[in-house]
Structures are given as structure tokens and as C-alpha cells.
Amino acid sequence: MATAHGGVDGQIGEGVVAILDDNRLFPTDPNVRALARDLYEGVKALPIISPHGHTDPRWFAENVAFSDPAQLFVTPDHYVFRMLHSQGIALESLGVPRVDGGETEQDPRKIWSLFASNYHLFRGTPSRIWVDHALQEVFGVTMRLSAQTADAIYDRIDDQLKQEAFRPRALFERFNIEAISTTERAVDDLRWHRMIRESGWTGKVVTAYRPDAVVDPDFDGFARNVQLMGEMAGEDATTWTGYLAAHRNRRAFFKTFGATSSDHGHPTARTEDLPQAEAAALFDKALQGTCSSEEADRFRGHMITEMARMSLDDGLVLQIHPGSARNHSHDILRRFGRDKGYDIPTRTDYVTALRPLLNAVGGRADLTVILFTLDETSYARELAPLAGVYPALRLGPPWWFHDSYEGMWRFREMTTETAGFYNTVGFNDDTRAFCSIPARHDVARRVDCSFLATLVETGRLGRDEAPEVAHDLSYRLAKQAYRL
Amino acid sequence: MATAHGGVDGQIGEGVVAILDDNRLFPTDPNVRALARDLYEGVKALPIISPHGHTDPRWFAENVAFSDPAQLFVTPDHYVFRMLHSQGIALESLGVPRVDGGETEQDPRKIWSLFASNYHLFRGTPSRIWVDHALQEVFGVTMRLSAQTADAIYDRIDDQLKQEAFRPRALFERFNIEAISTTERAVDDLRWHRMIRESGWTGKVVTAYRPDAVVDPDFDGFARNVQLMGEMAGEDATTWTGYLAAHRNRRAFFKTFGATSSDHGHPTARTEDLPQAEAAALFDKALQGTCSSEEADRFRGHMITEMARMSLDDGLVLQIHPGSARNHSHDILRRFGRDKGYDIPTRTDYVTALRPLLNAVGGRADLTVILFTLDETSYARELAPLAGVYPALRLGPPWWFHDSYEGMWRFREMTTETAGFYNTVGFNDDTRAFCSIPARHDVARRVDCSFLATLVETGRLGRDEAPEVAHDLSYRLAKQAYRL
Amino acid sequence: MATAHGGVDGQIGEGVVAILDDNRLFPTDPNVRALARDLYEGVKALPIISPHGHTDPRWFAENVAFSDPAQLFVTPDHYVFRMLHSQGIALESLGVPRVDGGETEQDPRKIWSLFASNYHLFRGTPSRIWVDHALQEVFGVTMRLSAQTADAIYDRIDDQLKQEAFRPRALFERFNIEAISTTERAVDDLRWHRMIRESGWTGKVVTAYRPDAVVDPDFDGFARNVQLMGEMAGEDATTWTGYLAAHRNRRAFFKTFGATSSDHGHPTARTEDLPQAEAAALFDKALQGTCSSEEADRFRGHMITEMARMSLDDGLVLQIHPGSARNHSHDILRRFGRDKGYDIPTRTDYVTALRPLLNAVGGRADLTVILFTLDETSYARELAPLAGVYPALRLGPPWWFHDSYEGMWRFREMTTETAGFYNTVGFNDDTRAFCSIPARHDVARRVDCSFLATLVETGRLGRDEAPEVAHDLSYRLAKQAYRL
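First to last, the sequence lines map onto chains A, B and C.
Per the numbering used here, the first sequence starts with residue 15, numbered consecutively.
Per the numbering used here, the second sequence starts with residue 15, numbered consecutively.
Per the numbering used here, the third sequence starts with residue 15, numbered consecutively.
Calculated directly from the structure, the hints in this document are not laboratory data.
Mixed in with the good hints there might be a few duds.
Where chains are identical, the list cannot tell them apart; a pair therefore holds if satisfied intra-copy or between any two copies.
[Said to hold, decoys possible] Listed next, the in silico SDA-like pairs over lysine to any residue satisfying Cα-Cα at most 25 Å (straight line): (1) LYS58 x THR468; (2) LYS58 x THR472; (3) LYS354 x ASP287; (4) LYS176 x VAL78; (5) LYS354 x ALA374; (6) LYS354 x ASP380; (7) LYS493 x SER131; (8) LYS269 x PHE180; (9) LYS493 x GLY102; (10) LYS354 x GLY102; (11) LYS218 x ARG51; (12) LYS58 x ALA32; (13) LYS354 x GLY377; (14) LYS218 x VAL57; (15) LYS269 x TRP254; (16) LYS176 x GLN162; (17) LYS124 x ALA379; (18) LYS354 x LEU381.
Only chain A is shown next, with the shape it has when bound in the complex (with noise of 0.2 Å):
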């Protein structure tokens, strides 16, 4: 049956201005929408605190213009190429580089060219609005992206990029980031976080200390990474005394170019509190690659606690961001790597696997530990329960496939109840995709305001104190938690 996918927006008549309503993600009925608007009206403008992302410090470093289209909107775009290899298009046929250096497709416009005939795909998805936000706000595109506007919009873009005003500083002064965090491995030398300082540039882009690495005995060249850790903090990082002090030097350079988080992605979300002559041997074990996966899991739970403890000296911010089941396919995994769409959330458990952590450290009102989860189930019945009691915890926002309108509403109807505004963090991006964030911030916002007008035209809430909370929400919640 012959379709036709693309064509313009009806919705806005002859003369096509916007790819985007105005009104979007707003309630439908008149009255709510309308104090949803107003809501929104308040905080649209505030800057963007990005606390946790995976943007490339080395752009802000060296601020180089995006090279094309492609490159900026679909190779590395997992959310992106993930939903048009499901319907069959071979990945190297997006340009997504293949492990054995082997021949994909190199010309953008035909890349693009792919997207665009293929944008029916993402109908109801948060990749859609997220990049329709981004053409017409980023690049002033009018059209709706399809087969026939391919070519118009991608020479639309192209020229843009080679603009001075949409280099990446350019582009961060213009999204109104007030602050964004990039996550670096711990054995990172900081190098371009170093250039950032060093260049006199006055965006505040800070690190994050992402241990994976080194606390985890089962990733590539574990016992390398700690050797080289070591090396790098002046340590003798094979003892396990040795091995914490390194850690707690990383941390500490990390410090030094603006980190006020760690983050740990484990499996699942378990903890241990071992004694430290357990904890020890274990660590000898994975240093010599001997653990069992079960010793493993059990070290990588153990060293969250270690982590908490480091924090009620240094301050970092914990966050845990558990339960994704990575690479799911081998044939993906071997001929293009890691993270290329094909890592999928799995049921996680978090009443018994946080009880050694919590019970280790989660009284203390002056650490911040930030559960994140990809199970939603365990909203109202785990998350919300725990972060409303114990004085350390906090729940991040809706993340990675949750990152949405739906997900968004599902995390506010099924955490506010038990945990309150007050346990929340505020939004995180959490993206690679640069000129996503300010698309994002505005769908978290327009979401939470639209909840917090619900609540008013419910009567659960005033209707005096709903711009407070649109306002910490958007902005002083994640400022405030992540110490920023």
C-alpha cells in the first residue's frame, strides 16, 4: 500500500512557520492548559543546569565546528539509529563505524537522505520532538523533515555549521547553560577539561568520576586500568589500602576540574558491605583475574559502599544507574561495539540489593546518593518508599528510555505521593547529542508543569505555590543536589 509519509504540517496552514506547536505537552482541557502555560510562561527562560550527561568535553576544548548533518543528528545517535535498524537498515549503511575498520556508508547526505525518507518511524517518540526542536529552534528549519525536504534541510544545516554561532561554546552560551557535566573515566587525564580552563573560555563544564573501570573486575583490562590508576595517583594501587587511597586521589583531581558527582552503572543495583579483609581478598582475586562472576558482582556491589564512604569526606554526589542488560546481541557487540542500541532494561531489584549501602550510610542527611532506574515498576513501590525515608537518598528523573512525556508523567503520578517534590533532583539530560539539551530541559518543564497545573485543577496543591515548584523543578533542585 503505497503512503505518504512526509509533506508539510497541516496544522499551520499556507504560509509554514513552525514545525512545532506551541502548545505541545500541555493538558487539553482549556483551563488546565492554560495555567500549565503560565506555569511554564515562568521558567521557559531559566538557565539549564545539566548535572549528568555524556557530552564531549573536547568540543567546548577545541570548538571545532560539527562536521554535517549526519555526524550531528543520526550516526551517533543511538535512540536514533536503533529505531531505523529495527525496521531493517543496516547500520553501516548510517555510517555507524564497524569494529573491524570495514567499509560503511561515508557520504552524510545520503545519510541523511535515510533519516529523512524514514522520519514516519519516530511518530510518537521523544526523538521526533526532540529533533524537530532542535531544527527549527537550533537551525530555523520550517519544514517537517521527510523525503521531499531532505536535501533543503540538510543544506539548511550544513551552512549553519559552518558558522561561527553554531560552534559548540557558541552554541552552549546560546542553550543558556549555566552548567553541564561530562562524565570521564577515572583513569582520564582531564586533558580537554584542562584546555577548557586553560583557554579562558567562562562555560562551566565539569567532570564527573565514572569508575567503572576500576571497580569493576569483570571490564576489559581491569587489572591495567588499576595498575595505570595507580601510576596516576602516585599509589601503589595493588594493595587494596593502596587501591583506596588512589581512588581517593582521582577523586580529588577530579575535584579540581569542577566534579561534584561520581556515577556507578552496574547491572543490577546490588550492594555489600564486606568487611575489609573480605573486601581485600576479593580484590586480589580480580586483580589476578580469578574472581567468579559472582565474586565480581559482589566486589563491584562492595565498592558502591566504599564510594558512599569517600563521599562523606569529599562530597561528591553518588549516582547509580542500574539494571541496563548491555549488548544483547553478540553479532552487534562484534562488529560494532558497545553501545549501539542494543542494551535493554532488565527488572531490578532495589529493597534487598540497596539494604548494605543504606544500612552502611543511608542516615547521613549530608550525602547525597541519586537512584536512577530503568524499571518502572519500581517507582511506587521501591524508589519512592526508600528515598521517602532515608535522609540520604534521592530519586533522579525519568532516564534514557523513559526520558519522555510518558515517562515523565509516570515518574511524577508514581513517585510524588510517597516521595514528595523535596526527593527529587530536577531534570538531567544525560545525552551525547549536543543540540538535544535545550530540547529536553523544555520537555521536562512543559511536563512538570503541566503535572503541577493538574494538581492545581485537582485541588491538590495551591495554586500560590505552584510556581515555586515549577521553579525548583526546573531549576534549584538540580542545582542544589548536585551541589553545582
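Once you have looked at the hints, place chains B and C on chain A.
Coordinates of chains B and C only, in the frame set by chain A:
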């Protein structure tokens, strides 16, 4: 406390003309409702594609009149008799046959009256909508069913059932069914399908390959069934290679009666991709009846992957319907047999369970594997992320207990953002209740149009795009995914 | 950033007269709201049936004035103090008693002030609605609670508490409570219930049989409790048959004080139906304190089935409240004891767990087993399908963390389509916070009326049927299911 269940619907005033609300299942906001209704007008008359279900091909082969209202609406419908039974009504008094052939109610008018007097139990359920729809649209009934109206409605239906226009083929045509699939066991001789074909009637009724009896070592008479399959296929099915060849032969035979799909319903979604020698050894144990429960499960899991490999050759779409704990009550199983409303959904894992299958064939865009679930928690967490990346995977519509207004909303809200619309496959009615088929498709079309209208009015879909998606969800995707 | 938490509600203008929105919890669409309100008008004044809860019978026996606002609203309410504690406020400063008898805040005005100053933490929570309702409707307060209004509100409540009209019996009558059930341990002498009866006061306060202390081998002092139960019952409870006889005797004793139900709260929903010899052997081990953790669990599971069998004789309704991981923080347990907000819901299986019980007695229409859950994922997947077929089963209302606006919506949306309304049992307030009882029933009535209005306006229920269902959900079903 006395209550007055029943009476006619107060909504429609003196001259009662309808028991259905014309605007049923549309959003309440006037703007959104208007758009939903508009979209619905564009799809409501589309032919019905019913690619998976359990209607009896004998109906269309013999074209004999249905016997009476109780047999049409009550006695064979597990949705109906389970609800009545839950409030203490004995299955015997609803005419449900006993395994021992013992006495049950034989008077259809008495059964009908019991149903009618308890019709208030169905308030808020999909059965209520399906029955009301069939009463009004198929039989022209204008009063709500109740103790008071039971006899009059019984007489009206009973009279009509005797008319030519209410025989199976006439209803099939009146229901505007373009194609319907029944489901038959691998060892079925498809005699009714043959009779339909030989009758010259042009209604498209196809079969589907359901091999439980010959792939599940725990199935009653497994070895005997395998033996029989071999005989039917002209293969020595007692050897592993002969057994696989017999499957291929039977699938080819099913294809000559229009089959485009196979169907697999196991307690879990477990799949395996075993070395052939191990599979062959398990098969031998299965034939000898010496499989442990774990071995039987492993064999079933492996056979899914074998079926998928056959699909790569013969093009049958592979459906997986996992996660029902069958025959929860031993007493009911003993007295009334299977399928008596005592099948209860269970928590179902997909991420780990499907990995062997997906690593074997999930990357093949020329294969279609359609996943169903009775565990809605898997929608956003597992199924949408899997279907949103593996080329072979598609998501079946909400199934069984979730084939309902709320079930459909949850399905769209929890799958669309990650899998989009185009990794779903339209609607399945999956029913043996023939008169409910138009009702069920109508519900699905109304809910999908309501969902699309909500997306448009909240700026998540272009107004110009919605009619195309409505058409896709109502018609095209089912036809295309099932290759009908 | 400075914020101005508090102040009066801007909604109600200069002459502040209300802190509650008259239309709270009704849908926002004007038509649906009008119908919801209409339905609510028909049920709002119905008497309260409170068939399960934890109010103190001593209040009604002695009828002594409540001491002060802090003791009424803060110190004993785990919803309230857990939220304050989650933001770093020490339990000591809220007057929560320490196990060691050590110092805690004794000044109720200081505790109240701390609560008031942090009242913004409760925005969007049910506690906010309950407290606001009690402040306005019970104490006539017209200003929102805040640091600014703390003292004035404290004085107003404190003054009133000294008046006769605010004593427990007077409030009981003013709250229009037709019947309330407290919950007592199997070895309770029911002295307060006796005192109520002997006082001649006609308020209907009944007890319920809660035998944890004598059915759970892990319970502190299990053997001593069993011994005591035997003495109270005049049976040798140290033999299995004597133990069962003692239960029967105590149940009969509880019935003389109005009991119509028993209540069982185990970590899981596990049930067993063991051979009597095996049960007896486990009982012996339990008495000797030699049960393994698995054996203790098996014994608890078996006792549910024994209790159900007793219910077949004595007619007590059996309630199951499973799935709470109690005392998550060892430190809080050690310092403050049980019930301090550290009980966290866990994933709970029902399908497998309840099979022994249901196979033993689930088919009996003369038995009522009421299931509760803290795991909402079981609503649509397990509980509604089970209650929608087993004659003995009914679903209790949303419990604990889910006793809230959103929790009630999710409950109705996820259970009604499969279990209908008539396999549910109306509302339980399940509270020890006396003044919140009218508020909680009011919330339930508003949400149910809103749900029904939504069904009517979307064509899923007749307009003429809704008032009857509203009455059933608000009053009749609780009364009937609990045989009150």
C-alpha cells in the same frame, strides 16, 4: 440491601433506540473527541483483518445455524462464565460440560436468564462492551440486558438465529471480514478448511500452525502425537532429523490452506539455541517420556528457534504467546477440563529468555517474530526496547485480559515512545466468540484514534499525519505483518 | 535560593474561608466533573464503614481527650515523620520515643512548629490532603499550615482538644462512623473492647483477630505467646491439635467482641496446605525454636490455610496483607523500634504463592478471602484475574503507600476490566490516625465517583447505573464483604 440492577439506559430518554453510546471510548475533552471521532470515521468501515484467533472453521465449512443465545454468548465464553463463577455461580448451571459427562443445565433460556440477571457484574468490563455491541449491532436489540429484559432479548436473538442471514458465512460477510485465521494443531487434518475450499465459498479463512502437541514433551500424548505427525508427513518422526522434516512437511501442508503464521504458547518466553546433538538427545528423552521438567522446558525453548529457522525458509510469521499459568485450580481442571477461566498471567521475563532466539535469527529483516505478553510491566521495560532495535521483532497487540480499553491505552502509552507505531502489527481479536469480532475491532479502532487524537492535540503528531497512522493501525499493519 | 514556603492559599482571595478546594479530586473536564460531583453528592454523607484499621480501642473505652496537636498529627503518624526524616530531620526532634528511653523532644509546640515549617515537603502527597481536611473540617482552620501560621493553628487545635466535643466518642459520632474495626493480637484480653461494651456507649467498635504472634515462628516470644494463648483458651496449645483448638477458641472469643475478620501480614503471599503430620512436626520445631527460615515460612504459609478452614466454620473473613520488607534500617529498628516508616514494599507473587490455599478452599462461595498488595504490578496481571474467577476471593482497596488519589485510580483502572466492581470490597482506611478517617473515606468516594463519571462519559457505563455503583463502593460492599 436491595438494588435494582437493570432497566433501560437512562441516557437515551423515552424512545429507547440504542444501548451503545455513539461516542464511546473517545476522549472527554471536546476538541480531542472531535478529532478522535473524525479519525474514526475514516477507518470504521475498513475491512477486518483477523490474523490470529480461535474461531471454529467448521462453522464456515458447514454453515449451520448457531443453536441458541446461551451457546452463542455464555457457555463457551470464558470471559463471561468466569465472572459469573467468581460470584459463586456454579459452572454446571451455565451449561459448561463436565469431564465425567454428568448433569449440567441444558435449558438455554435458564442459562440466559442467569446471565441476564447478573449482567451488572460486567459493569466496566470489556465483555459488557462486546456483548452490548453484538446485541445492538448484530441482533438489533434496543434494551439493556437484565432480569426484566432477558426473555424478550432471548426471543429476539433466537428468532434471528434461525434465519439464513445469521448463519456463519452470512455474518462473516456482514462483518466485512477480509481475512480470518483460525488455529489448528500440527496433527489436524484441516478437514474443515478443505471443506471450505471445496465449497467454492470465497470467504478467506486460513489456518495457522500450532505445534504444542508435538513440541511440548509435557503435552498429553506427546510421543503418540509425534508418531502421528510422522505418518501424516510421510517421515520417520522418531528421529531428530525426521522430526524436523515432518515439521517442515506439515508447515507446507498448512500453507496450502493459507497459513501465514505459526503460534507458540509456552509457560515462559524461554528460548534456546542448542547444538543439534543436544537437541536430538533431548528429543529422544522426550519421546521416551524421560525428560525432567527442566529438560522439557529446554526442549520447548529450543523448538522455538528451530521454528524460526524454518520460517526463514517458508516465510511463516512466528507468534509467541507466553506467560499463562494454566489450570490454576486442580478441582476445576478435574471436573471441567482446560480453558475454563482458570489460566492466570504470570510475571514474564523476555530479556534473558529471548536472547538465544534473537542471537540466532533476530537480526534477520526477512523474518517476523511477533511477541505477546500477559505481563504489562514488560511493555516499556523489555518489549518496546527489544522490538525497537531487533529487525525481526514486532509487538503483538494487547492480549487476553489486556484486550480492553485500558489495556490498549497502556499498550500505546508504554510502547510507542520506544518502539514507535511501525514495530507494532495492528489488532488481533484472538477470539472464539464470533459475534464479538466486530465489537473488538471497533474498540481497537476507537482507542487508537483516541490515542492519535491525543498525540495531535498535545503536539506530538502532526494533524496531517494522524489519518495515515489510523489507517495503518486499523488495517495495513496487520495485513502486512501477517503477510495476508 | 530563598523560597517563601507557606502563606495562605492564593486561590481563595482576601477573605480566606477554606484550605480545601470544593472540587478537589474531580476530573478537570467540565462535563465529567459535573457528573462526578453529582455522584459524590449522593454518597458523601453516607455513614462510614471502617472494616479494617488500627485505631486504639482505649480511646473509645476511656474517652479521654487527645493530648495535643503534635500527638494527634505528627509523632505517631509514620506517613508524616518519615517524610520529615527523609529530609534530614531527626526522629528525636519529632518526639518519636527511643527504645532506650533516651531524650527526645517533649515540647509539642516545638514539634508542631517543625512540622509546620516543613509542610511544603508534603505538596502532592496524600498526607497533605488528609491533614488539610482534618484542619478545616474537624478544627475549622482557615489558613494553610506554615511557619507563619503554626502557632495560631496550634492554639486553635489545642483549645478545641480540651472541649468535650473533641473527645474520641464525640468525634466518632461526628465522623458518622457506623462501624469501625480495630485489630488486636490473638493473646489480647480485649479489655478496652470489654470496657466499651460495659460502658453502655452505643458506638460500634469491633475487634479483628491478628494472630502473627502465635503463627509466626520468627515472631519474638513465639513459644511464650503460644503458651499464653493456650492458657487463655483453656487448651494445651503445645500440641498441634490443642494449638488449633486454642485458635478456634480465641476466634470465638474475638467474635463475642464483634470480630468479623482475621488479618494476616507475612513477608510474602506464600500459602501451603501441608499434610497434618507435617504441619504438626513443623509446629513442634517452631515451639522448640529450631525451625530454619524456610521452615518458619512454610509454617506461616500453612497457617493461612488452617485459618481459612476455621473461617469456613466460624464465618470470619480472612484478610491477607503481604509483601512488606519490615525494618529496612537496622539502625532505626535498634534505636526506635518497629513501625518507624522503614517498611518498604517488595515485589510480590500471588499466582504460585496462593495456589495451595486456593486449591484447598478457593472454590467455596461461603468463604471470603480479601487480598491486599503493595505491588501494583499484580493488579492487572495476577489479582484481578484471580479474583475474577475464584468464588472465595475479593480484592481489598489500595493499601498503605497506594491509599492515595493516584493509587486509587491505578487500582480501578487495572482491576475493573477483569474483576469488575463486585469482586472488590469498598474502602478500608487502615489507619491509626483518627482524624484522618473522614478525610480518607472522602478521598475514596471522590475518586470512585470520578472514575465512574469517566466511565459514563466514555460510554462504558450507563448514566442510570452509576449512582448505584457509587453507593456500592462507598458503603454497601464494605458492609457486605466484611459482614458488618
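Hint by hint, here is what the structure shows:
Within a single copy, LYS58 and THR468 get their C-alpha atoms as close as 18 Å, and across copies as close as 23 Å, so both meet the 25 Å cut-off. In this assembly of identical chains, LYS58 and THR472 lie within 25 Å of each other by CA distance both inside one copy and across copies; the values are 24 Å within and 18 Å between. Taking the shortest alpha-carbon separations for LYS354 and ASP287, only the inter-copy value of 23 Å comes in at or below 25 Å, while the best intra-copy value is 34 Å. Within a single copy, LYS176 and VAL78 get their C-alpha atoms as close as 10 Å, which meets the 25 Å cut-off; across copies the closest is 75 Å, which misses it.
Within a single copy, LYS354 and ALA374 get their C-alpha atoms only as close as 37 Å, which misses the 25 Å cut-off; across copies the closest is 18 Å, which meets it. Taking the shortest Cα distances, LYS354 and ASP380 sit within 25 Å of each other only across copies (21 Å), while inside one copy they are farther apart (38 Å). Taking CA atoms no more than 25 Å apart as the test, LYS493 paired with SER131 passes between copies only; the shortest distance there is 22 Å, against 40 Å inside one copy. For the homomeric pair LYS269 and PHE180, neither the shortest alpha-carbon distance inside one copy (30 Å) nor that between copies (58 Å) is at most 25 Å.
Within a single copy, LYS493 and GLY102 get their C-alpha atoms only as close as 42 Å, which misses the 25 Å cut-off; across copies the closest is 18 Å, which meets it. Taking CA atoms no more than 25 Å apart as the test, LYS354 paired with GLY102 passes inside one copy only; the shortest distance there is 15 Å, against 41 Å between copies. In this assembly of identical chains, LYS218 and ARG51 lie within 25 Å of each other by CA distance neither inside one copy nor across copies; the values are 30 Å within and 51 Å between. In this assembly of identical chains, the alpha carbons of LYS58 and ALA32 lie at most 25 Å apart only when taken from the same copy (18 Å versus 32 Å across copies).
Taking CA atoms no more than 25 Å apart as the test, LYS354 paired with GLY377 passes between copies only; the shortest distance there is 13 Å, against 39 Å inside one copy. Taking identical chains as interchangeable, the C-alpha atoms of LYS218 and VAL57 lie at most 25 Å apart only when both belong to the same chain, with a minimum of 21 Å there against 53 Å between chains. Only within a single protomer do LYS269 and TRP254 lie at most 25 Å apart by alpha-carbon distance; the minimum there is 23 Å, versus 64 Å between protomers. Within a single copy, LYS176 and GLN162 get their C-alpha atoms as close as 24 Å, which meets the 25 Å cut-off; across copies the closest is 57 Å, which misses it.
In this assembly of identical chains, the alpha carbons of LYS124 and ALA379 lie at most 25 Å apart only when taken from different copies (21 Å versus 54 Å within one copy). Only between protomers do LYS354 and LEU381 lie at most 25 Å apart by alpha-carbon distance; the minimum there is 21 Å, versus 34 Å within a single protomer.
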